[in-house]
Amino acid sequence: MYIQIKDVSFCYANSKENIIHQFNLDVTKGEIVSILGESGSGKSTVLRLLSGLEAPLKGSITVNNEVMTDDYHFVLPEKRGVGMVFQDYALFPHMTVSENIQFGLKGHTKKEKKQRVDEVLGLVNMAKYKKRYPHELSGGQQQRIALARAIAPKPSLLLLDEPFSNLDADLQIRIRNELKDIIKKTGITSIFVTHDRRDARAIADRIITMRDGAAYEWESICTTHTVDKKRLEAIK
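In this text, residue positions in the sequence shown follow the UniProt record's numbering: the first is 1, and each later residue adds one.
No lab work stands behind these hints, which were simulated from the structure alone.
Where a beta carbon is used, it is the ideal one built from N, C-alpha and C, also for glycine.
Please note: incorrect hints may appear among the correct ones.
[Unchecked claim] Here are the simulated DSSO-like pairs of lysine-lysine, each with C-alpha atoms no more than 30 Å apart in a straight line:
#1 106 / 131
#2 154 / 29
#3 128 / 58
#4 184 / 110
#5 154 / 131
#6 184 / 113
#7 114 / 6
#8 180 / 79
#9 128 / 111
#10 180 / 29
#11 130 / 111
#12 128 / 184
#13 6 / 113
#14 185 / 79
#15 154 / 114
#16 79 / 184
#17 113 / 58
#18 184 / 6
#19 131 / 58
#20 58 / 130
#21 6 / 128
#22 131 / 6
#23 113 / 128
#24 106 / 185
#25 154 / 130
#26 6 / 58
#27 16 / 29
#28 128 / 106
#29 180 / 154
#30 106 / 16
#31 29 / 6
#32 110 / 131
[Unchecked claim] Just the calculated beta-carbon pair ranges, DEER-fashion:
#33 185 / 94: 38 to 46 Å
#34 58 / 133: 18 to 26 Å
#35 31 / 77: 50 to 58 Å
#36 132 / 22: 44 to 52 Å
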């Protein structure tokens with residue numbers, strides 16, 4: 001498996017109970033997996049653990065056969081090669097689109113940075129906006145720039161936290177179809193969290209549901225949208 005999360009548990013410092021409890025997940029290379037759950041289910045915490053923003057109490061996380069964290073190892077976030085698209089996009093307001101994307105391209109020459117910016121902006125159909133500032137863009141455009149910035153360094157894993165929550169209903173439908181096409185073109189293994197089943201069905205190759213910090217496997221949505229009673233209870 002490309003990503004393996006084994007028996008991971010996590011508790012925030014100000015909490016008496018684990019928000020993640022013996023979480024397990026295997027993801028194959030190039031797969032798009034959705035973690036579906038209500039607020040407080042622990043789904044966004046899983047992304048923080050994968051990215052290295054939090055460390056689990058126990059368990060292990062492996063990406064491409066490299067241990068990111070276990071009882072003896074912890075790889076720093078900047079060393080993990082993980083791209084992240086935050087719920088609020090987190091674009092730098094004082095930087096142009098081009099500068100936002102270049103920010104994550106450390107160790108590249110000026111020519112290489114320019115070339116990569118042009119590549120990813122072309123991929124998200126935003127080439128003519130590279131001199132714009134975030135406040136000059138619509139919500140959907142900002143999301144595409146955030147995605148371009150995340151994939152520019154060619155990460156081994158792409159994480160997306162509620163990517164459609166700030167968009168109106170009509171725009172959500174169009175953007176989520178675009179997003180899946182873009183991710184599939186890059187071939188980047190991706191995990192995104194959402195509370196909206198429609199988003200999960202539209203984008204994911206596979207859906208994992210979460211409740212009380214535990215994961216439940218949903219049937220492959222490529223073949224069916226039906227779930228058995230036990231799994232259905234996990235998303236109520």
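Against the structure, the hints:
no.	hint	verdict
1	106 / 131	holds, 20 Å
2	154 / 29	holds, 14 Å
3	128 / 58	violated, 47 Å
4	184 / 110	holds, 28 Å
5	154 / 131	holds, 22 Å
6	184 / 113	holds, 23 Å
7	114 / 6	violated, 40 Å
8	180 / 79	holds, 26 Å
9	128 / 111	holds, 19 Å
10	180 / 29	holds, 15 Å
11	130 / 111	holds, 16 Å
12	128 / 184	holds, 23 Å
13	6 / 113	violated, 37 Å
14	185 / 79	holds, 24 Å
15	154 / 114	holds, 15 Å
16	79 / 184	holds, 24 Å
17	113 / 58	violated, 39 Å
18	184 / 6	holds, 26 Å
19	131 / 58	violated, 45 Å
20	58 / 130	violated, 43 Å
21	6 / 128	violated, 44 Å
22	131 / 6	violated, 44 Å
23	113 / 128	holds, 17 Å
24	106 / 185	holds, 24 Å
25	154 / 130	holds, 19 Å
26	6 / 58	holds, 9 Å
27	16 / 29	violated, 36 Å
28	128 / 106	holds, 24 Å
29	180 / 154	holds, 17 Å
30	106 / 16	violated, 40 Å
31	29 / 6	holds, 17 Å
32	110 / 131	holds, 16 Å
33	185 / 94: 38 to 46 Å	violated, 30 Å
34	58 / 133: 18 to 26 Å	violated, 44 Å
35	31 / 77: 50 to 58 Å	violated, 22 Å
36	132 / 22: 44 to 52 Å	holds, 46 Å
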